[in-house]
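Use the sequences and the hints to build the structure in full.
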Amino acid sequence: MIGTTGLIFNEPLLWEMGAEGRTAFSIPARDVPELPLDAALTGDGPDFPDLSEPEIVRHYTRLSQWNLSVDSSMYPLGSCTMKYNPKTNERQAGLPGIADAHPLLPVALSQGLLRLMFELERWLAEITGLDAVTLQPAAGAQGELTGMLIFHAYHADLGGPRSKILIPDTAHGTNPASASLCGYAAVPVPSGPDGILDPETVARLMDDETAGIMVTNPNTLGLFEREIRRVAEIVHDRGGLVYADGANMNALLGVAHMGAMGVDVLHLNLHKTFSTPHGGGGPGAGPVCVTRALAKFLPVPRVLEKEGRFALSNDFPHSIGKLHAFYGNFGILVRAYSYILSLGSMLEQVSRYAVLNANYIKAGLRDDYHLPYDRPCMHECVFSDKRQLAYKVSALDIAKRLIDYGFHPPTIYFPLVVSGALMIEPTESESKETLDRFIEAMRAIAREAETDPELLHQAPRNAKVRRLDEVQAARKPCLMG
Amino acid sequence: MKEIDELKFPEDVYYSKDHEWARKEGDLVTVGISDYAQDQLGDIVFVELPEKGSKLKQGEEFGSVESVKAVSELFMPVAGEVVDINGGLEDSPELVNNEPYDGGWMLKVKPAGADPFGKLMDRGAYLAMLKG
Amino acid sequence: MRYMPHTESDIAAMLTAVGVKTVDALFADVPSACRRSTPLDLPPALSEWDLDRHMEQLAGQTATAPAYKIFLGAGSYDHHIPETIKQLLRRGELYTAYTPYQPEVSQGTLQAIYEYQTLVCRLLGMEVANASMYDGASALAEALLMAIRTTKRRRVAVSRAVHPNYRRVVETYLRPTGFEIVDLPYGSDGRTDLALLADQNELAAVALQSPNFLGCIEDLQAAEGRIHADDATLMIVAFNEPLAYGLYQAPGRLGADIVCGEGQSLGIPRSFGGPGVGLFACRMKHVRSMPGRLVGRANDAEGRRGFVLTLSTREQHIRRERATSNICTNQGLCALAAAMYMASLGRTGFRQLARLNFDKAGYLKHALQAAGAELPFSAPVFNEFVVRWPRLSSERYTQLAKGGIVAGLPLAADYPELADHYLLCATETCSKADMDALVEEVTR
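Chains as they are written, first to last, in my numbering: chain R, 238 to 718; chain L, 359 to 490; chain B, 222 to 665.
None of these hints come from the bench; they were simulated from the model. The reader is advised that the hints may include incorrect statements.
[Said to hold, decoys possible] One side of the interface only, derived from the structure: several residues of chain R facing chain L at Cβ under 7 Å:
| # | residue |
| --- | --- |
| 1 | Glu707 |
| 2 | Val708 |
| 3 | Ala711 |
| 4 | Arg712 |
None of these values were measured; they are calculated from a predicted model. The beta carbon of each residue, even a glycine, is placed where N, CA and C say it ideally should be.
Rendered as structure tokens:
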């Protein structure tokens with residue numbers, strides 16, 4: 238067992254601490270006079286607790302120790318690509334000329350930052366095999382929305398707005414919500430018995446009212462959509478466009494060419510494939526790559542280059558508009574830029590090792606867990622709790638027990654096409670020894686499920702808290718203190 | 359989840375294929391969801407009901423029930439006008455789990471048409487459907 | 222490569238276990254027609270040390286303090302950030318974790334977000350705040366969509382004194398579904414002129430910003446009466462400088478139904494415009510229509526206090542196309558920074574700092590006026606204000622910038638009627654000497 242209990246401190250809520258008059262902030266000296274205030278508009282100020290600097294530091298240090306993270310353990314959360322977040326990236330994003338840059342500086346005073354954006358766009362175009370890129374979307378879901386807005390603008394430009402969008406059952410969960418923001422009705426496309434899209438099914442559903450299809454490739458079963466080119470042909474023949482959710486790009490760096498697959502629009506998650514930290518829920522970045530024909534619809538402003546000088550231009554009349562107040566999560570772009578420059582053409586190795594690691598786990602667990610689609614996987618593998626259910630042990634119990642072994646659980650109950658799914662994505666960051674320990678832990682849990690299911694129902698025991706009453710939390714929500 | 363035989367299915371209500379029940383009470387029809395439905399959903403944390411006065415067709419969506427990680431739509435077992443809703447479910451959604459045919463009722467409906475229960479199942483037919 | 226542990230012998234052993242001969246064989250499912258025909262054409266990999274030099278060279282081209290005196294705000298503000306926040310945010314347990322789907326091993330993030338939600342509610346005077354949106358602009362767009370959902374109406378009114386970039390984002394979000402946006406003009410005092418509301422009906426929402434883009438504090442109390450004359454219409458108040466609520470009344474206490482905006486001011490570096498954090502708060506009665514994640518209290522199996530993600534059925538992964546938003550990843554780490562900042566200042570410090578900002582901007586405003594600049598708007602301001610300064614031609618502005626002074630933001634591009642007008646900002650980071658230097662330079 239890797240996990241063991243250490244000394245974990247209890248820590249109150251912020252407002253259960255402190256005393257009025259304390260502060261953890263160094264107020265600058267006053268060098269200007271006080272001016273009169275309009276009493277009718279002024280208030281008492283927010284009721285924040287007053288705390289000293291040592292109290293703040295200890296509070297957040299203790300809180301941090303209650304988290305499992307990539308820095309502390311393997312975090313095989315399927316679909317999330319929890320790879321190592323290089324420390325040098327944080328250094329670069331913190332440079333004064335980056336962290337302290339005002340977004341509305343005259344362009345002559347921010348040339349280095351515009352160059353960074355321009356180069357990152359070019360590299361992402363090269364990596365995906367598409368032609369033009371926007372870095373503006375703040376996360377994958379906003380990238381999807383950007384893609385749908387581009388679909389919408391494209392069809393409107395041709396004079397025939399469309400009302401539906403095809404979404405396979407193996408696509409990411411955000412896709413239907415993103416499409417509906419553009420008024421598209423989501424038409425589900427069932428995957429075939431082998432877990433991938435059947436072109437015949439797509440042909441049956443695709444019509445002149447359908448704007449296109451949103452495909453995740455590799456899909457959420459970790460399988461490559463082999464028929465993607467035929468699917469794209471069918472959709473294109475009916476005037477539709479192909480959107481690829483590139484959240485799983487970590488499988489395909491240096492291998493696949495999205496343009497050759499027939500993809501028109503694709504978003505990337507820099508916080509997945511390009512090593513930027515997940516930050517406990519964000520910020521991420523969701524750049525969108527498009528074909529040349531769709532470039533005119535990209536959000537503004539766009540970075541232009543002329544003789545080594547860079548400028549921002551809003552002069553794109555077909556543009557869908559803006560998704561962010563400024564240029565997106567620039568600080569995240571810097572980290573991805575730093576990652577690409579650290580690897581160069583070695584980016585290809587990333588996908589090779591990510592896929593090798595996933596297949597190694599698949600081989601190591603196939604005797605103990607049910608494998609609903611027994612095909613070569615890409616960067617993640619999907620098992621289910623089918624065998625353990627016989628002992629009344631569910632995917633949730635397996636996940637919670639894994640915590641006691643010191644690992645973050647995989648994604649569970651997703652994708653929906655697999656009942657009781659356990660979706661494991663190790664990433665390229667993990668060594669063979671760590672993977673061996675993970676496999677060993679999962680196999681031990683499979684044995685425990687047979688011999689001592691109660692142990693699993695009661696898990697975790699080694700974490701800060703036991704299982705929490707989510708039912709009561711939802712029935713009587715307490716959302717602030 | 360329980361076996362079918364462990365669940366309750368009263369004789370005095372009619373059942374729809376979507377697992378709602380309807381019971382004649384004077385001129386009105388009371389509507390809720392069956393013991394099987396609440397058992398499938400698990401702990402119910404929120405019930406969304408229509409406004410009083412809504413006129414709905416048979417099979418039309420009238421609201422939804424939520425567990426922690428799922429939402430299920432509710433469909434009218436009979437056509438008619440909603441004359442009352444169970445306000446108690448706002449604070450105590452667990453009534454749907456604990457007393458699906460009593461305290462967990464959802465709507466009182468003034469039925470439209472002569473034979474409101476025509477397309478519904480009696481206990482025997484519903485059990486046969488559940489057991490497949 | 223130092224990020225990947227694989228040795229030749231590891232790879233050989235793993236391939237044997239998988240039952241294939243080469244790594245290439247694992248990609249057999251990718252048809253050749255879907256593959257690249259050329260290797261990746263990327264710059265050669267840099268060593269850590271060469272990368273440092275390269276990045277310093279790029280970053281070194283940016284104008285920053287202290288070499289430059291930058292009087293720019295307009296939605297991105299220069300405030301001192303305590304070193305504690307910078308260092309605490311670099312704890313790997315915080316920044317290399319993800320969304321707290323597994324609460325037992327995410328209590329640190331969950332309690333911190335619960336504290337953030339609470340502090341945001343206290344800041345804005347609201348009843349419930351979510352775990353964050355992308356930025357102030359998308360928060361406003363989502364607020365309008367939420368109002369459209371809850372009222373089942375199709376038209377919204379948005380003040381022209383709302384940040385122009387926020388308004389563009391709103392248009393982008395609302396255009397494809399055909400929702401109508403009515404522009405509300407600003408009046409001679411720099412506040413939104415609500416007279417137009419008399420001709421409107423069936424509005425889902427009216428959105429104002431305070432302090433608005435022109436720096437002016439809106440009279441929210443009066444606006445509330447006008448907006449809620451139709452009691453179904455939601456009053457949305459946006460902001461991009463929340464420090465103002467250290468001094469001015471919180472919009473929630475003045476009857477706003479949704480309050481949302483940008484929280485970059487709260488301990489987050491400007492970083493060329495992002496990442497910041499979208500703050501979003503509403504009334505408890507609307508919580509089920511709210512976008513974004515929520516953390517709530519829960520007890521564990523032994524009765525101990527803990528926290529979980531809750532009311533998730535609103536979200537995209539469960540309600541799919543009927544979700545309240547498609548947002549998934551948010552700005553968690555920036556929300557954490559904002560919570561640390563609010564806690565670090567406390568009530569006492571927040572008020573003092575807000576007061577100092579007000580006085581700094583007031584000093585500069587009066588100094589410029591004394592030097593001959595015109596102040597076109599009469600409404601009270603916080604740390605930003607507009608001046609009309611015909612003598613500051615665009616050539617002179619550029620020349621000043623080259624010399625190390627960025628004299629605010631020219632407004633003509635966003636407000637054609639405001640040629641010769643500049644939006645200037647002075648926070649606690651501006652010294653009196655810097656402001657005196659600006660006045661001297663622009664009057665020269």
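Structure-based check of all given hints:
1. Glu707: holds, 5 Å
2. Val708: holds, 4 Å
3. Ala711: holds, 4 Å
4. Arg712: Nearest chain L Cβ about 5 Å off; hint holds.
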